[in-house]
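> Work out the full structure: start from the sequences and follow the hints.
The lines below spell out each chain.
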Amino acid sequence: EDKVVQSPLSLVVHEGDTVTLNCSYEVTNFRSLLWYKQEKKAPTFLFMLTSSGIEKKSGRLSSILDKKELFSILNITATQTGDSAVYLCAVESGAGSYQLTFGKGTKLSVIP
Amino acid sequence: NAGVMQNPRHLVRRRGQEARLRCSPMKGHSHVYWYRQLPEEGLKFMVYLQKENIIDESGMPKERFSAEFPKEGPSILRIQQVVRGDSAAYFCASSPAGRTGELFFGEGSRLTVL
Chain A
2 EDKVVQSPLS LVVHEGDTVT LNCSYEVTNF RSLLWYKQEK KAPTFLFMLT
52 SSGIEKKSGR LSSILDKKEL FSILNITATQ TGDSAVYLCA VESGAGSYQL
102 TFGKGTKLSV IP
Chain B
4 NAGVMQNPRH LVRRRGQEAR LRCSPMKGHS HVYWYRQLPE EGLKFMVYLQ
54 KENIIDESGM PKERFSAEFP KEGPSILRIQ QVVRGDSAAY FCASSPAGRT
104 GELFFGEGSR LTVL
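Protein chains in written order, with our numbering: chain A, 2 to 113; chain B, 4 to 117.
Treat the hints with caution; some may be incorrect.
With a Cα cut of at most 30 Å, we get these calculated DSSO-like pairs of lysine-lysine [stated by the list, open to error]:
(1) K105(A) / K57(A)
(2) K47(B) / K69(A)
(3) K58(A) / K30(B)
(4) K4(A) / K47(B)
(5) K105(A) / K42(A)
(6) K30(B) / K41(A)
Estimated spans, in silico, between C-beta atoms of each pair [what the hints assert, rightly or not]:
(7) G83(A) / E43(B): 23 to 33 Å
(8) A100(B) / D67(A): 28 to 38 Å
(9) I55(A) / S69(B): 33 to 43 Å
(10) K69(A) / L117(B): 46 to 56 Å
In short, the hints are calculated from the structure, not lab data. Backbone N, C-alpha and C fix where the C-beta goes; we use that ideal spot for every residue, glycine too.
Now the structure itself:
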């Protein structure tokens, strides 16, 4: 059974801090790893990673995948209160399976 | 350009009643997914549908739950004879054909069973 573990489960930081969120996974036929941001409503897509060692970047957010060690990190620099959310990591397995297996998420709270 | 639309946003049912949740995918998307989120748990896959076809229902409970995506109209997740354990947020997501990883989620339907 595919498995995704995120750490920490929750994190409180001050505005301006840099944070690193972790995601480790076990999957039988890895296809991609995805990061989503969930505020109170719909999860919104952040990144899809398929290749090891290639950093994806969007503004203050960046993510990288290590397929050998089976983990990914999501970095947020110069955090703002608007970054407060639950960050979800998911893996997609190939070979005909269209499911995403999600971790429980990391709840990030950014305080002024 | 409307996103994924789900309704109702909130639904309250008594034990034994039926719940019907609707999902209209983003324009141009032909793939629909349903996920369930229990309190303190991650999103769990339930079912993946294309128009008039169930592609993968391996995450659906064997009884009381069914899903459809007709040729015309929204996708529907139907839960018969609801029990308290069915209380959860049910999220629908869609994707264009050929891009199954990057999902666009609706805002969810929160079901409460009294």
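> Hint by hint, note whether the structure agrees.
Structure-based check of all given hints:
1. K105(A) / K57(A): holds (22 Å)
2. K47(B) / K69(A): Holds, because 26 Å separates the two Cα atoms, which is no more than 30 Å.
3. K58(A) / K30(B): holds (27 Å)
4. K4(A) / K47(B): At roughly 11 Å apart (the allowed maximum being 30 Å), K47(B) and K4(A) satisfy the hint.
5. K105(A) / K42(A): The hint holds at about 16 Å.
6. K30(B) / K41(A): At roughly 24 Å apart (the allowed maximum being 30 Å), K41(A) and K30(B) satisfy the hint.
7. G83(A) / E43(B): 23 to 33 Å: With a Cβ separation near 24 Å, G83(A) and E43(B) satisfy 23 to 33 Å, so the hint holds.
8. A100(B) / D67(A): 28 to 38 Å: holds (31 Å)
9. I55(A) / S69(B): 33 to 43 Å: Roughly 41 Å apart at Cβ, these two residues keep to the hinted range, so it holds.
10. K69(A) / L117(B): 46 to 56 Å: Roughly 50 Å apart at Cβ, these two residues keep to the hinted range, so it holds.
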